[in-house]
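Asker: Sequence:
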Amino acid sequence: VQLQASGGGSVQAGGSLRLSCAASGTIASMNAMGWYRQAPGKQRELVANITSGNVTNYVDSVKGRFTISRDNAKNTVYLQMNSLKPEDTAVYYCNALLWVVVAHEFWGQGTQVTVSS
526 VQLQASGGGS VQAGGSLRLS CAASGTIASM NAMGWYRQAP GKQRELVANI
576 TSGNVTNYVD SVKGRFTISR DNAKNTVYLQ MNSLKPEDTA VYYCNALLWV
626 VVAHEFWGQG TQVTVSS
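Here the working numbering is used: the sequence shown runs in plain steps of one and ends on residue 642.
Read the hints as simulated data drawn from the structure, not as lab findings.
Wrong hints could be hidden among the right ones.
Calculated pairs, DSS-like style, for lysine-lysine (alpha carbon to alpha carbon, straight line, at most 27 Å) [as the list claims (entries may be wrong)]:
1. LYS567 / LYS588
2. LYS610 / LYS567
3. LYS588 / LYS599
4. LYS610 / LYS588
Taking CB as the label site, the calculated pair distances span [as the list claims (entries may be wrong)]:
5. VAL626 / SER594: 25 to 31 Å
6. TRP632 / SER594: 16 to 22 Å
7. GLU570 / ARG543: 27 to 33 Å
8. PRO565 / VAL627: 15 to 21 Å
9. VAL625 / LEU571: 19 to 25 Å
Values in this document were obtained by computation on a predicted structure and should not be read as measured data.
Heads up, the beta-carbon is just placed ideally off N, CA and C, and yes, glycines get one too.
Sequences and hints are given; from them, build the entire structure.
Answerer: Dropping the structure here:
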């Protein structure tokens with residue numbers, strides 16, 4: 526599976542962006558799809574993920590502001606980001622997880638999100 530992330534950009538604090546992750550294969554077969562981010566000098570962290578059963582999970586710092594969703598028909602996962610803060614500035618990566626005996630992870634290229642105060 527190849528993942529193509531898009532939608533990043535530069536916004537002012539309080540603004541919104543929507544990230545998209547288009548998959549070359551069917552995402553319905555994936556156990557989970559997620560978004561991670563990595564800020565300069567920091568480790569990559571999970572921002573949000575959504576399971577094949579549409580159960581969602583968010584890091585505390587984005588709860589109430591970000592929404593992850595998936596469109597299986599379009600093989601695309603979205604991350605709607607509202608009320609953006611400067612601390613949301615990072616490179617955002619799309620991830621797909623498939624459990625077949627062991628975990629198989631697929632990564633897209635990053636998309637830069639920059640939030641200015």
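Asker: Against this structure, judge whether each hint is valid.
Answerer: Hint check results:
The straight-line distance between the Cα atoms of LYS567 and LYS588 is roughly 20 Å, inside the 27 Å bound, and the hint therefore holds. For the proposed pair LYS610 and LYS567, the alpha carbon gap of about 17 Å is at most 27 Å, so the pair holds. At most 27 Å may separate the alpha-carbon atoms for a hinted pair to count; LYS588 and LYS599 meet this at roughly 26 Å. Pair hint LYS610 plus LYS588 holds up; C-alpha atoms about 13 Å apart against a cutoff of 27 Å.
Checked against the given bound of 25 to 31 Å, the beta carbons of VAL626 and SER594, roughly 29 Å apart, stay inside it. The supplied range of 16 to 22 Å is met by TRP632 and SER594, whose beta-carbon atoms lie about 20 Å from each other. A hinted range of 27 to 33 Å for the beta carbons of GLU570 and ARG543 is inconsistent with their spacing of about 20 Å. One distance hint, 15 to 21 Å for the beta-carbon pair PRO565 and VAL627, is violated here, with the actual separation near 32 Å.
Checked against the hint of 19 to 25 Å, the C-beta distance between VAL625 and LEU571 comes to roughly 21 Å, which is consistent with it.
Hints 7 and 8 from the list above are not met by this structure, while the remaining hints are.
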